[in-house]
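Kindly generate the complete structure, drawing on both the sequences and the hints.
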Amino acid sequence: MAPVLVLWLAVCLGATWAVDRGNFKTCDQSAFCKRQRALKPGESPYRALLETMELTNTRLTLQLINDNNKVRLLLELYRLQGNITRVKINELKPLKPRYEVPDVLIRDPPTEPLSVLSQDENGVVLSLGAESQRVIVSVRPFRLDIMEGHDVLMSLNSRGLLAFEHLRMRKDTQADPEAENKEEADAANQAETTKEEEEKAEEGMWEETFKSHSDSKPNGPSSISLDFSLPGVEHVYGIPEHADDLKLKTTDNGDPYRLYNLDVFQYELYNPMALYGAVPVMLAHNAQRTTGIFWLNAAETWVDISSNTAGKTVFGKMLDYVQGSSEIPQTDVRWISESGIIDVFIMLGPTAKHVFSQYASLTGTQSFPPLASLGYHQCRWNYNDQEDVRSVDAGFDEYDIPYDFIWLDIEHTDGKRYFTWDPHKFATPKEMLQGLVEKRRKMVAIVDPHIKVDSNYKIHNEIRSRGFYIKNKDGGDYEGWCWPGNAGYPDFTRADMRAWWASMFAYDQYEGSMENLYTWNDMNEPSVFNGPEVTMHKDAVHGAWEHRDVHNLYGLYVQMATADGLVQRSGGVERPFVLTRAFFAGSQRYGAVWTGDNAAEWDHLKISIPMCLSLGLVGISFCGADVGGFFKSPSPELLVRWYQTGAYQPFFRAHAHLDTPRREPWLFGPENTALIREAVRQRYTFLPYWYQQFYHAYRTGEPVMRPLWVEYPQDPATFAVDDEFLIGQNLLVHPVTEEGSRGVTAYLPGKEEVWFDIHTFQKHNGAQNLYIPVTMSSIPVFQRGGSIIPRKMRVRRSSSCMEHDPYTLFVALNARGLAEGELYIDDGHTFNYEKKEFIYRRLSFSNHVLSSVNLVPDSHFTTNSWIERIVIIGSSKPAKVTLKTADGNESQLEFDFDASMSVVTVRKPGMNAGADWTVTLQ
Amino acid sequence: MRFHILVIALFCCGSAESRKVRGISSSYKRFYREKKSFLCIDGSKLIPFEQVNDDYCDCADGSDEPGTSACPRGRFYCTNLGFRPHYIPSSRVNDGICDCCDASDEYNSHVRCQNTCWNLGQRERAFVEGQMRTLDEGLRLKQQLIEEGVLLWREKQAQLRELQQVAEDLQIKLEEHRRKKHEADRFKEQTLRALKGEDSAVKPENTLLNRNKDESIAPDEVKAEVVPVHGEERRLSDDEAGIKDAHGAPGTMSSEDPHLKAADRVAEWEATNLKKVEEAYETVNMEISDLQKKLDIDYGTDWEFLFLNGQCYKLTVYEYLYTLCPFSHITQKSTAGTEVSLGVWGMWAEPAKNRYNQMIYENGEPCWQGGSRSTTVTLTCGTETALRSVKEPSKCQYIMDFQTPVACQPVLKQRGVHSEL
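Chain order of the listed sequences is A and B.
Position 680 (the first sequence) corresponds to 680 in UniProt numbering; numbering is contiguous.
Position 337 (the second sequence) corresponds to 337 in UniProt numbering; numbering is contiguous.
A few of these clues could be false.
Simulated pairs of lysine-lysine, DSS-like, Cα-Cα distance not exceeding 30 angstroms [unchecked claim]:
#, chain 1, residue 1, chain 2, residue 2
1, B, 173, B, 29
2, A, 416, B, 275
3, A, 632, B, 391
4, A, 908, B, 314
5, A, 908, B, 275
6, A, 632, B, 333
7, A, 211, A, 473
8, A, 763, B, 395
9, B, 45, A, 880
10, A, 473, A, 171
11, B, 391, A, 430
12, B, 36, A, 877
13, A, 877, B, 45
14, A, 908, B, 35
15, B, 395, A, 425
16, A, 211, A, 425
17, A, 471, A, 171
18, A, 425, B, 36
19, B, 314, B, 333
20, A, 884, B, 20
21, A, 88, A, 247
22, A, 425, B, 35
23, A, 96, A, 34
24, B, 294, A, 908
25, A, 884, B, 36
Pulled from the structure, derived: some chain B residues nowhere near chain A, Cβ distances all over 12 angstroms [as the list claims (entries may be wrong)]:
#, residue
26, 92
27, 126
28, 194
Treat the hints as calculated values from the structure; they're not laboratory data.
For clarity, every value in this text was computed on a predicted model and none was experimentally measured.
Ideal placement from N, C-alpha and C gives every residue a C-beta, glycine not left out.
So, in structure tokens, the structure goes:
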């Protein structure tokens with residue numbers, strides 16, 4: 001035992017700061033990926049059987065046959081509302097049902113009529129509604145082409161990589177008399193079986209081992225694959241989570257991008273390895289169009305990307321262009337999953353915003369978070385005891401830095417038994433929470449899904465007695481190692497289990513909890529320290545299904561059940577806040593995600609931008625990275641830069657590993673404290689804007705933090721930018737992410753645009769690379785000319801303290817002297833906004849008149865907040881400024897004019913933020 | 001300066017009686033006498049007086065809004081009658097949290113703040129009185145400890161001198177023994193050479209064995225000396241030895257020669273003696289260096305911390321027993337029984353205002369992710385000497401609160417309750 005421990009220690013201590021790649025599979029080590037990837041593009045063995053075609057009003061079905069083995073597949077094709085085409089392919093007669101992912105789509109997607117335009121023995125042409133869009137179904141080989149006019153938007157199986165491993169009997173069980181009887185009873189089946197026997201049984205089909213772990217694979221091979229060709233596309237995005245650039249790379253010379261939720265210790269950057277979450281959604285973009293592919297499959301998935309222009313240099317591309325001999329650029333994508341069916345949603349845009357709304361119509365939008373959760377979060381593994389919490393809280397007041405949430409990691413529990421408190425260190429949690437209530441602040445405590453196997457632990461006993469644990473392949477409760485030692489894993493795929501879990505958050509169940517205690521779900525990939533690839537065995541059993549089928553969904557279900565619990569404990573009144581590490585398509589509906597266990601390194605700061613941008617593109621807007629870096633200890637410079645970056649990212653939380661020295665914002669000397677204070681204060685002044693952006697994301701599915709190309713889709717210069725980003729449409733942020741930086745070059749997009757430095761109001765023209773000299777206090781942020789941003793300039797201890805504060809409107813004029821914006825106000829924490837209890841106004845400036853107009857006339861909400869100041873940037877000097885209120889009263893307003901920056905500051909107009917009014921500059 | 005004059009000028013011309021301006025102290029009232037205009041205290045701007053405390057920030061220094069939350073850099077004065085007055089940032093005015101004990105900061109918010117100044121004042125006064133008593137008692141005890149410290153210091157110095165004397169004596173003894181051993185060795189060598197060589201004319205001159213002062217060595221004498229060395233069975237008669245000498249191999253022969261044996265024995269004897277003296281000398285020197293090391297430590301201006309050296313103080317926190325042995329080491333023992341070093345005496349933490357405020361113990365047990373455990377001990381004034389608290393804010397970095405009368409500082413006494421009472 002001892003030598004083993006020593007060896008283990010030596011390995012751990014001697015390891016460099018990087019992931020141990022050997023712990024995770026390459027495509028070659030994942031049998032199905034290896035088998036699938038061995039298939040090369042060529043003529044598909046599949047043929048469409050037109051005689052089997054059935055067309056109802058909303059659905060086309062058609063059988064496909066594999067001419068090699070005669071196995072038949074059933075193709076279903078739907079036209080969905082909002083310019084989406086759904087293609088489903090399953091076995092016509094699978095040996096047993098194949099898994100179809102439930103609970104991700106928010107409803108059965110509403111369909112639209114399909115009609116046949118023409119048909120002959122080579123294929124069928126179907127109309128996709130009115131926009132001259134068609135689907136061409138080719139018979140031999142089978143392929144689908146989606147056209148608009150003369151342009152092919154996307155082709156499926158054009159490279160012949162449709163591959164469907166049908167379920168089959170295991171050879172050594174064929175002697176089983178029952179099986180024989182079955183075969184005799186079904187002649188057709190027998191014919192197929194005969195064919196099947198000709199197929200070579202490959203290694204890894206019926207059993208697979210990785211390191212010391214064996215996967216029993218009782219169902220044999222079951223993987224699926226399909227290729228998509230995207231003519232005219234050179235840029236594809238999405239399929240998070242990977243620690244990689246925003247623009248996806250081609251994978252010809254390495255592994256495909258992998259989607260398999262894993263707890264990766266000290267992950268490496270710039271590679272396609274799987275991380276904690278998976279959203280199988282890819283966006284394809286060129287200057288004319290944006291489309292999307294949503295591959296609804298929760299099993300281990302690999303995505304190959306290749307491109308005919310990837311290898312070409314800029315010069316080569318130019319030469320092609322000059323010579324006019326250029327072949328059309330094309331990106332080819334191939335999806336491979338281990339089990340389940342092919343169920344793919346093709347979102348046809350045509351713009352990125354259309355794709356966001358199409359995807360939102362399928363999986364829902366970002367949940368509208370409580371306003372406070374957009375403030376600053378102070379976390380550490382761990383705040384040691386109540387006294388520690390009290391003194392950190394007091395530190396924020398002493399150093400006058402606002403914050404809203406303080407977090408407790410696993411050490412707050414009684415021996416890693418979630419829903420409990422350490423009896424010594426957190427003996428009186430309600431007292432502690434009450435102390436935070438008095439400061440109008442909140443707390444988050446961790447609740448992980450692994451449950452300590454301990455007969456004295458109520459949660460464990462209940463789950464065991466109700467049979468809610470996931471089972472191992474032999475039928476017993478699955479057990480694995482995690483923080484508490486031996487642990488069981490509740491089967492969150494069961495609705496009854498989730499309902500029970502949610503009920504555990506009731507105030508009378510979760511002892512010591514109060515209204516201002518919220519929840520953090522970590523380790524929900526699930527993380528199993530002694531499992532294959534630090535996760536669960538694929539042959540573990542969830543009722544009728546294997547873990548293999550549901551793996552990537554587990555984390556979504558954990559967060560879903562937890563968020564439900566927080567909603568239910570308040571009787572459905574209060575919005576929940578739940579942070580998760582693992583996620584899947586649809587996770588946006590339940591709360592926030594963070595990029596997991598990063599490190600205090602400059603590259604990790606940089607990668608936080610593309611990682612959150614990629615998540616935003618696939619619906620998950622509430623994203624952040626651990627400020628400061630989780631592992632290792634940041635230099636003060638890195639820490640300051642990280643605060644400055646995090647202050648302009650959606651989820652703003654500092655976090656640190658147990659083994660690192662303390663790093664509360666005031667521990668690095670007065671100068672750094674002041675820099676961090678300023679960054680956090682900037683965040684709080686923009687909270688009204690952030691909140692409004694989240695309301696917008698909740699309504700539309702558009703990302704809050706978005707890549708430049710989304711707003712400037714025709715400007716190729718924006719397509720690969722991922723060192724800067726937009727918040728909504730109106731703020732452009734280029735954080736400083738280089739050590740010792742003395743300047744950054746920001747690309748200011750838009751030929752017609754002007755951009756104003758938010759600190760100095762200096763004006764810059766769009767469509768240029770702007771060099772910005774920086775000091776330690778610089779956070780390059782620009783407001784778009786043409787926008788109006790409401791801010792609250794009275795920064796207080798927490799966002800709740802600022803609730804009734806007045807607004808300052810920052811009106812940045814564009815070249816034509818126009819600006820537009822919105823103002824959204826509600827109570828900040830309940831679901832009453834669903835009953836239109838909000839103020840939602842359009843602010844617009846034109847012809848020297850700024851006006852506020854109600855956007856939702858039947859909304860009802862009152863606020864004490866008023867307009868204390870209007871800052872009009874890029875304006876000439878008016879002779880006078882007049883306020884006209886709804887009752888017709890006119891009054892003259894005082895103002896200042898700064899001629900150097902052309903800024904008019906209107907003093908104290910004073911009208912209520914919910915009222916109608918106009919302010920005229922004459 | 002210029003604006004001060006201007007302010008005064010404005011005051012002269014104004015005649016209106018000053019009305020209560022919220023959020024300022026009496027010493028600032030002169031800036032806020034009601035006039036037509038108000039000059040920002042930094043002189044940057046002149047504004048109509050109606051704009052003072054009108055909930056809009058006009059002055060960059062925040063001076064026009066002492067009673068509202070309008071200015072980002074403003075401050076609000078809590079008068080706190082009955083307690084201590086103090087400033088709070090303007091951002092805490094009407095934020096729904098009671099900051100001033102007189103409730104004056106929440107004059108327009110949904111919270112109802114109680115005036116708690118009187119109670120706080122009482123409590124503070126009681127606390128300060130308690131502290132004063134502690135301080136008085138602490139200082140009295142400290143004086144004692146200083147006196148004891150001085151005595152202890154002297155005692156240690158005396159001890160050091162004594163040890164140094166012993167060391168000197170030992171040094172002399174040591175030299176003598178070295179000489180004796182040297183002689184014995186030489187004698188042994190000569191005997192050996194005499195035995196080996198044909199020419200036995202060179203008679204070994206054994207002064208050491210000739211205790212009876214005659215020229216010959218009595219075999220009995222040698223024999224008697226040999227007995228305890230070789231034991232009964234190994235005892236050989238002189239003849240036997242002689243025979244063996246005559247016929248045996250030269251090596252064996254020489255070792256069995258009675259003269260040689262005697263010489264050998266003597267050399268051994270002297271070596272043992274020398275070793276004993278050397279050991280004693282070393283021990284004494286070590287004691288001296290230990291003591292010197294101890295005395296080299298900075299025990300405060302009056303050696304008041306000296307008494308702590310050699311003491312150990314224990315405290316149990318949750319499942320751990322902590323032991324602080326000042327100027328020596330700190331350990332942590334878990335209920336399971338494993339003991340871990342949290343550091344050995346390093347130094348006084350330098351930068352503190354009070355030089356004798358914090359001790360640093362370092363180079364304890366190595367940590368999981370590199371580095372080693374260390375502890376910072378903060379000394380606070382109290383009437384008894386005890387370990388009060390132990391925390392581990394970051395992994396492997398401990399902080400201790402150690403109370404002792406010698407940490408009491410007379411300067412503390414000058415602080416008291418500043419009250420507008």
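Results of checking the hints against the structure:
1. B:173 - B:29: Not OK: residue 173 (chain B) and residue 29 (chain B) at ~86 angstroms, beyond 30 angstroms, violated.
2. A:416 - B:275: Since the Cα atoms of residue 416 (chain A) and residue 275 (chain B) sit roughly 61 angstroms apart, the hinted pair is violated (cutoff 30 angstroms).
3. A:632 - B:391: At roughly 22 angstroms apart (the allowed maximum being 30 angstroms), residue 391 (chain B) and residue 632 (chain A) satisfy the hint.
4. A:908 - B:314: With Cα atoms ~63 angstroms apart, residue 908 (chain A) and residue 314 (chain B) exceed 30 angstroms; violated.
5. A:908 - B:275: violated (95 angstroms)
6. A:632 - B:333: holds (28 angstroms)
7. A:211 - A:473: holds (19 angstroms)
8. A:763 - B:395: violated (49 angstroms)
9. B:45 - A:880: Roughly 21 angstroms between the alpha carbons, so the hint for residue 45 (chain B) and residue 880 (chain A) holds.
10. A:473 - A:171: holds (20 angstroms)
11. B:391 - A:430: Roughly 22 angstroms separates the two Cα atoms, so the pair holds.
12. B:36 - A:877: holds (27 angstroms)
13. A:877 - B:45: holds (20 angstroms)
14. A:908 - B:35: Holds, at about 22 angstroms.
15. B:395 - A:425: holds (16 angstroms)
16. A:211 - A:425: violated (40 angstroms)
17. A:471 - A:171: holds (26 angstroms)
18. A:425 - B:36: violated (60 angstroms)
19. B:314 - B:333: holds (10 angstroms)
20. A:884 - B:20: Status violated; Cα separation ~34 angstroms.
21. A:88 - A:247: holds (28 angstroms)
22. A:425 - B:35: violated (58 angstroms)
23. A:96 - A:34: Roughly 25 angstroms separates the two Cα atoms, so the pair holds.
24. B:294 - A:908: Violated, because 70 angstroms separates the two Cα atoms, which is more than 30 angstroms.
25. A:884 - B:36: holds (28 angstroms)
26. 92: For residue 92 (chain B), whose nearest Cβ neighbour in chain A is about 7 angstroms away, the distance does not exceed 12 angstroms, so it is violated.
27. 126: holds (22 angstroms)
28. 194: Per Cβ check, residue 194 (chain B) is outside 12 angstroms of chain A; nearest 60 angstroms; holds.
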